[in-house]
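**Q** Here is what each chain is made of, one letter per residue.
Number of protein chains: 2
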Amino acid sequence: MNCQEFTTFLQEQIPLTAAMQLQTDFFSKEKIRLSVPLAPNKNDKNTGFGGSIACLLTVCGWSMMYANFQTQFPDAKIVVQKSELRYLAPITDDFYAVCQCTDIAAKESVCENLQRHGKGKLSLHIDCYCKDVLSATLDGTYYIIQA
Amino acid sequence: MNCQEFTTFLQEQIPLTAAMQLQTDFFSKEKIRLSVPLAPNKNDKNTGFGGSIACLLTVCGWSMMYANFQTQFPDAKIVVQKSELRYLAPITDDFYAVCQCTDIAAKESVCENLQRHGKGKLSLHIDCYCKDVLSATLDGTYYIIQA
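Quick note, the sequences are listed as chains A and B, same order.
By the numbering used here, the letter at position 9 of the first sequence is numbered 375, and the numbering carries on one by one without gaps.
By the numbering used here, the letter at position 82 of the second sequence is numbered 448, and the numbering carries on one by one without gaps.
Rather than coming from a laboratory, the hints here were simulated on the basis of the structure.
One thing to keep in mind: the hints can contain errors.
Any copy will do: because identical chains look the same in the list, a pair fits if it lies in one copy or spans two.
Said to hold, decoys possible - Each computed DSS-like pair below joins lysine-lysine, with the alpha-carbon atoms no more than 27 Å apart:
hint, residue 1, residue 2
1, K448, K397
2, K497, K473
3, K408, K448
4, K487, K448
5, K395, K411
6, K397, K485
7, K473, K411
8, K408, K487
9, K497, K411
10, K395, K485
11, K411, K443
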């Protein structure tokens with residue numbers, strides 16, 4: 367799946383990502399980057415809406431799980447179990463979320479646990495940037511669960 | 367401000383809340399309840415989208431701050447500083463977020479700190495329900511900051 371295909375998948379399957387005008391900038395097993403324009407994601411002060419930021423970061427981690435495991439386990443369900451968000455700086459322009467995960471052992475462990483116990487979990491860190499300023503972070507635990 | 371006026375305010379000022387078809391069920395200084403239909407807030411498995419849940423809970427706490435402080439401090443800015451979310455059960459129908467805060471001393475302390483130091487903070491707990499099942503929770507720290 368390339369960036370355009372993943373954008374189409376998200377926008378068709380998850381209506382709120384279409385409303386956010388979410389685009390995929392990178393889509394690989396090691397790095398996911400999703401971006402949104404400010405206009406549909408602004409608040410009453412014309413800065414980035416906290417709810418949009420939370421949503422973008424949450425779906426960025428979900429996308430990393432999807433990129434790594436959904437092809438191998440097409441019937442499994444990916445869910446976020448918990449997340450901790452920190453809002454560091456106001457967002458005044460278009461913004462993006464990036465998640466990098468190169469821990470091959472952790473990913474192999476997810477697959478093993480999914481096959482043995484019906485579910486596997488992965489901890490992911492996601493950063494949010496506006497104009498190259500770190501604006502928010504999310505530390506989340508995501509599960510993939512066999513249907 | 368009544369429920370309908372607050373819904374109109376949110377949907378006009380924060381476009382994503384219009385896309386979510388967010389409605390205000392209760393709007394008081396002690397209790398805020400905001401609800402959304404499932405359809406615009408579903409994921410690829412036709413259950414509640416984690417990003418929509420995060421967004422709804424985040425804006426519910428923000429609304430509690432707004433209900434308590436915005437009239438008295440119209441120029442101040444309300445922001446979420448950090449939040450911890452837990453996703454407890456899948457959401458299969460329309461859902462709502464509720465925040466209750468009756469701690470008068472804590473609210474007076476916010477006003478005092480805002481006037482003395484230019485900002486005040488309040489910790490809030492928000493619950494998310496679907497069909498009366500607790501589906502997610504948010505513990506958040508919100509600030510009101512003098513412009």
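**Q** Compare the structure with each hint and give your call.
**A** Evaluation of the provided hints:
Taking CA atoms no more than 27 Å apart as the test, K448 paired with K397 passes in both settings, with 21 Å inside one copy and 25 Å between copies. With identical chains, the CA atoms of K497 and K473 are never at most 27 Å apart, being 31 Å at best within one copy and 35 Å at best between copies. With identical chains, the CA atoms of K408 and K448 are at most 27 Å apart both within one copy (25 Å) and between copies (18 Å). For the homomeric pair K487 and K448, the shortest alpha-carbon distances inside one copy (11 Å) and between copies (23 Å) are both at most 27 Å.
Only between protomers do K395 and K411 lie at most 27 Å apart by alpha-carbon distance; the minimum there is 22 Å, versus 36 Å within a single protomer. Taking the shortest alpha-carbon separations for K397 and K485, only the intra-copy value of 23 Å comes in at or below 27 Å, while the best inter-copy value is 38 Å. For the identical chains of this complex, K473 and K411 are inter-copy neighbours only, at 23 Å across copies versus 41 Å inside a copy, given an alpha-carbon limit of 27 Å. Proximity of K408 to K487 under the C-alpha cut-off of 27 Å is restricted to the inter-copy arrangement: shortest distance 22 Å between copies versus 33 Å within a copy.
With identical chains, the CA atoms of K497 and K411 are at most 27 Å apart within one copy only, with a shortest distance of 18 Å there and 34 Å across copies. Proximity of K395 to K485 under the C-alpha cut-off of 27 Å is restricted to the intra-copy arrangement: shortest distance 19 Å within a copy versus 42 Å between copies. In the homo-oligomer, the alpha carbons of K411 and K443 lie at most 27 Å apart only across protomers (8 Å), although the nearest pairing inside one protomer, at 37 Å, exceeds that limit.
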